[in-house]
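Here the protein sequences line up with chains P and B, keeping their order. So for the first sequence, this note's numbering puts the first residue at 1; every next one is plus one. So for the second sequence, this note's numbering puts the first residue at 1001; every next one is plus one.
The set of hints was computed from the structure by calculation and includes no laboratory data. Bear in mind that the values here come from a model prediction, so they are computed numbers and not experimental data. Among the hints, a few may not be true.
[Said to hold, decoys possible] In silico lysine to any residue, SDA-like type, Cα no more than 25 Å apart, as pairs: (1) 115/P / 1070/B; (2) 1111/B / 99/P; (3) 1070/B / 1152/B; (4) 203/P / 192/P; (5) 89/P / 1070/B; (6) 1115/B / 91/P.
Protein chains: 2
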Amino acid sequence: MLSFTEENYLKALLKINLESGIAGAGTNELASMLQVKPATVTDMIRKLKEKKLVNYERYGKITLTREGKKKAIDVLRKHRLWETFLYEKLSFTWDEVHEVAEQLEHIQSSKLINKIDELLGYPEFDPHGDAIPDAKGQIKMRVQKTLDELMPGSLCKMVAVKDNSATFLQYVVKVGLGISTKIKVVSKQAYDAMLVIEVKGKKHTVSEKFARNIFVVPELKD
Amino acid sequence: MLSFTEENYLKALLKINLESGIAGAGTNELASMLQVKPATVTDMIRKLKEKKLVNYERYGKITLTREGKKKAIDVLRKHRLWETFLYEKLSFTWDEVHEVAEQLEHIQSSKLINKIDELLGYPEFDPHGDAIPDAKGQIKMRVQKTLDELMPGSLCKMVAVKDNSATFLQYVVKVGLGISTKIKVVSKQAYDAMLVIEVKGKKHTVSEKFARNIFVVPELKD
DNA sequence: TATAAAAGTTAGACAAGCAAAACAAATATT
DNA sequence: AATATTTGTTTTGCTTGTCTAACTTTTATA
């Protein structure tokens, strides 16, 4: 049985993996994601290595073992299913679900999470547009870019957000955005990469930081 | 913010209070309920006293303060609502709900538990027949006895169980019992208090220990 | 390639939660 | 009242997860 903390380390490792496409994280990276000091990470990683959940050598990169990845996916699945449950069944808003799901993801009962999955009709994506791993641990992959990668003139559709914090999500709504919203990139400032985008006929200016947290797929012009 | 352990101590104190009718528990009593050593309880109680959640003097009885009772009722409310949710919405059996609810009762989100309450239609009793405190902390009280207190010849209706363990609950089902089942006390052995009861026309012999864990209300003969 | 900066580790400390063992007080029993 | 039993406390120590501060290795850069 893993502790909450151990589960969180594994989840963080998987997230870094999924978001960067690169397997292998450093202690600083993990430390800043988990809001602890690098020294703490070193300790914990040694323990996870003992349990054969990560591969690790002194001064080397940290990767998940097959077993570790399985556990991590399990936690991620629970997190995203709970978020979907809160959103769909209990009318939480999308900026409220993350915090509560951080707690619920650690509940130990495979029967429970599978029943929740069933109740929701086996959803493939959570309220933030992220793919929900299925009971076998399979994750739907999607060819997606972040909004800042697009050239002026491009048309796209928002499919997910990278940052799940309430402040960011509330800002997203304010700009008229949401999952499936169409976006046109009007122009891009060379100096600071500020973007002018058009959403539902309205123009908005957003920062590069903002754009880097919006996942989109290209849309054919019509 | 209270830790899981602290919450469990408060809940145990409230349970002893509700079950015995007497406010005030000893360290041994608490220790056996929480499956820890009396020394551990002494430590914890001192900490809870620091936080003004219990009243306590060396070698004296432990009672909940107003604040402590409020917290304890909150945990109990969450426990019983989650049990009801699992039973009603996720088709768990009544012997499966307790274990998972032990985990879910510690989730911190008043919005979540109130939404679950709403989803369930503000139930008054959980699958074991125990009263669910409402959002204001009010608990429905019922005049109930345990089955072993009845005289031979009495008619009664089962309203709740005291022991929530899976083994006990499965045994209860085997004897044909459940919430609202009518029971007739046929006879009682003076030597060891073994009871012969009649349930749905069938006779069963049960131990005193078993009978002490069944709550009933008297039923008028018909 | 030498050196500075970044990244990572080690050692020592602390708080929480638990337990074993020795001790002290309270209560029952004879 | 003397003694035994029950109940409760204290002391010491383990484990987990965290930290700070000092140190080491790797990497980037001049």
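These are the hints, each one checked on the structure:
no., hint, verdict
1, 115/P / 1070/B, "violated, 32 Å"
2, 1111/B / 99/P, "holds, 12 Å"
3, 1070/B / 1152/B, "violated, 40 Å"
4, 203/P / 192/P, "holds, 18 Å"
5, 89/P / 1070/B, "violated, 28 Å"
6, 1115/B / 91/P, "holds, 8 Å"
Going through the hint list in order, the structure does not satisfy hints 1, 3 and 5.
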